[in-house]
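Read top to bottom, the protein sequences are chains E and H. This note's numbering puts the first residue of the first sequence at 1, with every later residue one more than the last. This note's numbering puts the first residue of the second sequence at 1003, with every later residue one more than the last.
Hints are not guaranteed to be accurate.
Once the Cα atoms are required to be at most 16 Å apart in a straight line, the calculated EDC-like pairs of lysine to aspartate or glutamate come out as [unchecked claim]:
#1 Lys279/E / Glu219/E
#2 Lys886/E / Glu1079/H
#3 Lys888/E / Glu1079/H
#4 Lys888/E / Asp1015/H
#5 Lys450/E / Asp1034/H
#6 Lys279/E / Glu1079/H
#7 Lys279/E / Asp1015/H
Here chain H is said to cover these stretches of chain E; the calculated rule only asks that three of the stretch's residues, wherever they fall, bring their Cβ under 8 Å from a Cβ of chain H [what the hints assert, rightly or not]:
#8 237–251
#9 735–747
#10 888–895
Incomplete in silico selection of chain H near chain E, CB under 10 Å [stated by the list, open to error]:
#11 Gln1005
#12 Cys1008
#13 Cys1011
#14 Asp1015
#15 Pro1030
#16 Pro1033
#17 Asp1038
#18 Met1058
#19 Leu1060
#20 Ala1062
#21 Arg1066
#22 Glu1079
#23 Phe1083
If you are wondering where the hints come from, they were derived from the structure by calculation, not from laboratory data. Here a beta-carbon is modelled for each residue, glycine too, at the ideal position from N, C-alpha and C.
Here's the letter readout for the chains.
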Amino acid sequence: MTNRLDTAGRIDRSKPISFRFNGKGYVGYQGDTIASALLANGVKVIGRSWKYHRARGFMGDGVEEANGLFQVQTGAKTIPNVRGTQAEIYEGLEFTSTNAWPNPNFDVLALFGKFSFMLPAGFYYKTFMWPAKLWMTYEHIIRKASGLGVAPKEQDTDHYEKTNEHCDVLVVGAGPSGIVAALHAARADARVLLVDEQSEMGGRLLSQNVQIEGNASSEWLRSALLELQAFENVTLLGRTTAFGYHDGNFVTAVQRLTDHLPESKQRGAREKVFRIRAKQVILATGAHERPIPFGYNDRAGVMLASAVSSYVVRYSAPLAKRAVVFTNNDGAYQTAIDLHRAGITVSAVVDSRSETNGDLPEIVRGLGIEVLTQSTVVKSKGGKSVTGAYVQSLSDDSKSLVGASRLFECDLIAVSGGWNPAIHLLAQSGGKVKWNDAKVCFEPDVVVQKQVSVGAANASFSLAEGLQEGAQAGDAAAKTLGFDPATNAAPKADSIKEQAIQPMWRVPYNADKPWDGPKQFVDFQNDVSVSDIYLAVREGFHSVEHVKRYTALGFGTDQGKTGNIVGMAILADALDKDIPSTGTTTFRPNYTPVTFGAVAGPDIDGTMFDPVRKTAIHQWHAEHGALFENVGQWHRPWYYPQGNETLQEAVNRECLATRNSVGIMDASTLGKIEIKGKDASKFLEMIYTNNWKKLAVGMARYGFMLGEDGMVMDDGVTVRLADDHFFMHTTTGGAASVMNWLEVWLQTEWPELEVFMTSVTDHWSTAAVVGPNSRKVVSSVVDGIDFDKDAFPFMGSRHGSIDGVPVWVNRISFSGELAYEVNVNANQGRHVWERLWAAGQPYDITAYGTETLHVLRAEKGYVIVGQDTDGSVSPEDLGMQWAMSKTKDYLGRRSLALQELRREDRKQFVGLLTVDPKIVLEEGGQILNEPAQQIPATMLGHVTSSYHSACLDRSIALALVRNGHKRQGETIYVSMNDGRTVPAVIGSTVFIDPKGERQNVA
Amino acid sequence: MLQLQCPFCGLRDESEFSFGGEAHIARPLEPDALSDEEWADYLFNRSNVKGFHREMWLHAAGCRQWFYAIRNTVSYEFTAFYRVGDPLPDLPNRSVPGAAK
């Protein structure tokens, strides 16, 4: 370790820790972050920038870090883009730079930087507009060259948890004001939750040696935390980031439980998400220091002043031999003092203000450090890292440079352009911010939830103010909730006389062409420079949201925590507006990136996230070789291949067997709703398009359900079990939405109707036995039902039993064949299925799946709602006038008379037969009047269903075609994916048995 | 996440509910007496209030009852929850920031 002070700091020198960075071994101490350990080892260049591949070093010491991103750990446990300023080191830790090849000191793609004039803002939009087909090629190369870390390719092996938390007072941030707020609320007996993202609580106090209540701040911090830990009503969550602030004081936070431990010591969940409901929230989120753009301000060794103090004071890593401090406010003078105390020569403090009469500048002058007022660093000198700073004077109006530049040799430039309160959570909660001209920052203004901001988050940057506000907020929150806060005063800190900050957003190289000059970076992570913002404005992008998207300002994993406000100020200047009227971009969750594992929580194994529904017969299907398809959450048998059969071969066999003898299908997934009550038939009259009052008990009827807009919503067969008792079938996918639909009408529009509904989809197992031999099969196992063709007619419903188990049989058909649906309590579903299967053996009974079901119904022109319809199809478009009552009102009826629905050229449901019977059309294929048309072609509709029909030994298709009902016999052309068009003739939707005689088996 | 007071079950998280749009839009008793424009108005046009709004909610993952709420569409504040058939609670007589006059 080349760079470490002998004493002080918060590192434990008795606990050395070995780690590897880019394959090379290093040693740090317990208490180090990746950043402090690398800096202490003299490693300055740690990665390459996103676009230009410029060498970069750390700029910050915390969440704001834009450059120091690493790929941490390997294999399934790897995490991309970890901020090295926050990640703790542990024995055996391995990590690499995210964007450098082969390594950050020799990066092949740094060539991009040499040609940066060719890569301006909007470069992607400009370069890849044409030719469109080459985009895929470009994209591949660009994605490889740019971008950040790499997502893990393997299944995550870690465990993640979620938990709900409730508290009276949530305090976000354990800096001085957050700790005092928590103390005051806790002393009043409120239930307090204090979350902080760092490994240690204390915030900025960890990097300062100041006095609180007349004692060293480290002493005060230690006893305050001890007091908090002693409270039973206080929960302290370290390594926990509050990343989202939602409605109803609902705050989401993630705790990193094991990422700071060697693998051998990791136990339990890796991360835990807290879903916190807080009665009151105190935001003590602090502030982020911002840089001042100057020429080549991205060289390794240019850092934020507060970060420099942090590395020197907290981590005892002195960073440099000679430093220059560049500032527009008094805060950075503390950094000069900290550097001086650590034995580092401070060559100069460069201050853009003309006067510096505060207490801290006085101390700095007293130390013999040169203070240059009304001056600016114009550019850095050096190669990959800094070797000097060129300094020049500013004119009285600060709008130009005057005099000659002076070179100060240095290997560190500490910069402070002022502070931005961390208003992210406030903004997410719906709060508004306003610009404070005196403090040169956005600060909290309107608050819409039960919340208050304190300390630096409230633009109260001094320690004395922060402690005062924290105490007040803790007391006030407790009092609001009915607690009785004790009258204890806020802890005291010395107040320091300060000279006001003055805005300094960039170096005025050229008053006429403000975009001129050496590259000055605003957003380091996305390589956005001052000139990019001016370019965006010259090219017509004026809204801050547009400029953001054109230049990428504020994108990336840091979401512009350092660069955003600087960029907006420069934009305001370019637009000749003030900052408040230029505005900010929107702050959205998440505050920092959250892993997908944490979001998924314990559902990550894939089985709990989306429930799988299986029928009672599922295992039988699996044992008989079925392949399954997902229909909603259901797994339904798709087809049952035998041997090496293809899908088409299996479906051909299943179709022919069913039409020639008998097939069996699991129909259990159809939605089922029982409807009971004296007004049940009256209710159905309104829900369905056809008549229900006169339906005889023991009979079924097919019904159409429309939305109030007259469009087909669902269909199915409903059986009358008794005068006041109906059993409704819905489509498999529509079951839940139909139930909602029925409930909303019944509860809110016709609450006077005496009707009760229960969803019973899962209660019943249904086997559909289909084909000319189905009666022989079913009647041979079912007792108590007369299967005579007249005694048990089509659309009849009868009750009987199999082996003493009650079954309920409906003679209904979705194939045009004689067919019986045998329903039984789901617990006996497999038994009944196997009995039917055994009874069918003499007839070579064949199990079929959804694919054959679709072919069989298409051969008969039966609609599948959701496949042949799409929410813009009326029953008349389908040619279903027969199913619509003329003698009663029903939902959607009035809409059918609307002008739009009376148009004759609506898209209507027709059959299509290709001229070449071998060609199977593609579903979704567009329908044209001519074989070839200029693009954009006039599209007349599309193919909704298309299959090869084994029974007809040719292809068949169903389609929606403009004015199709009147175009029977005409030839149209269907476009195919390969660019061909295929001629087909419009005809009937019924391809087999148009008179419907097949189900009349004697 | 919002919290809603289901009139049947009590205070629950928003994730248990589904939203049903503007409340108290009665289905016309005689649809045929309406012109196309009037029927389309019933079908499609909603008041899109900026401010306090009567709306329907379903306790979908609970008692499955529809009920009504008054909510401020700007601040999302709920001021009343009531059942079908209950007398209508008054809309709060408060100004809403930014609401059209």
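Outcome of the hint check:
no.: 1; hint: Lys279/E / Glu219/E; verdict: violated, 32 Å
no.: 2; hint: Lys886/E / Glu1079/H; verdict: violated, 47 Å
no.: 3; hint: Lys888/E / Glu1079/H; verdict: violated, 43 Å
no.: 4; hint: Lys888/E / Asp1015/H; verdict: violated, 42 Å
no.: 5; hint: Lys450/E / Asp1034/H; verdict: violated, 51 Å
no.: 6; hint: Lys279/E / Glu1079/H; verdict: holds, 15 Å
no.: 7; hint: Lys279/E / Asp1015/H; verdict: holds, 15 Å
no.: 8; hint: 237–251; verdict: holds (count 4)
no.: 9; hint: 735–747; verdict: holds (count 4)
no.: 10; hint: 888–895; verdict: holds (count 4)
no.: 11; hint: Gln1005; verdict: holds, 5 Å
no.: 12; hint: Cys1008; verdict: violated, 13 Å
no.: 13; hint: Cys1011; verdict: violated, 15 Å
no.: 14; hint: Asp1015; verdict: holds, 8 Å
no.: 15; hint: Pro1030; verdict: holds, 8 Å
no.: 16; hint: Pro1033; verdict: holds, 4 Å
no.: 17; hint: Asp1038; verdict: holds, 5 Å
no.: 18; hint: Met1058; verdict: holds, 7 Å
no.: 19; hint: Leu1060; verdict: holds, 7 Å
no.: 20; hint: Ala1062; verdict: holds, 8 Å
no.: 21; hint: Arg1066; verdict: holds, 6 Å
no.: 22; hint: Glu1079; verdict: holds, 9 Å
no.: 23; hint: Phe1083; verdict: violated, 15 Å
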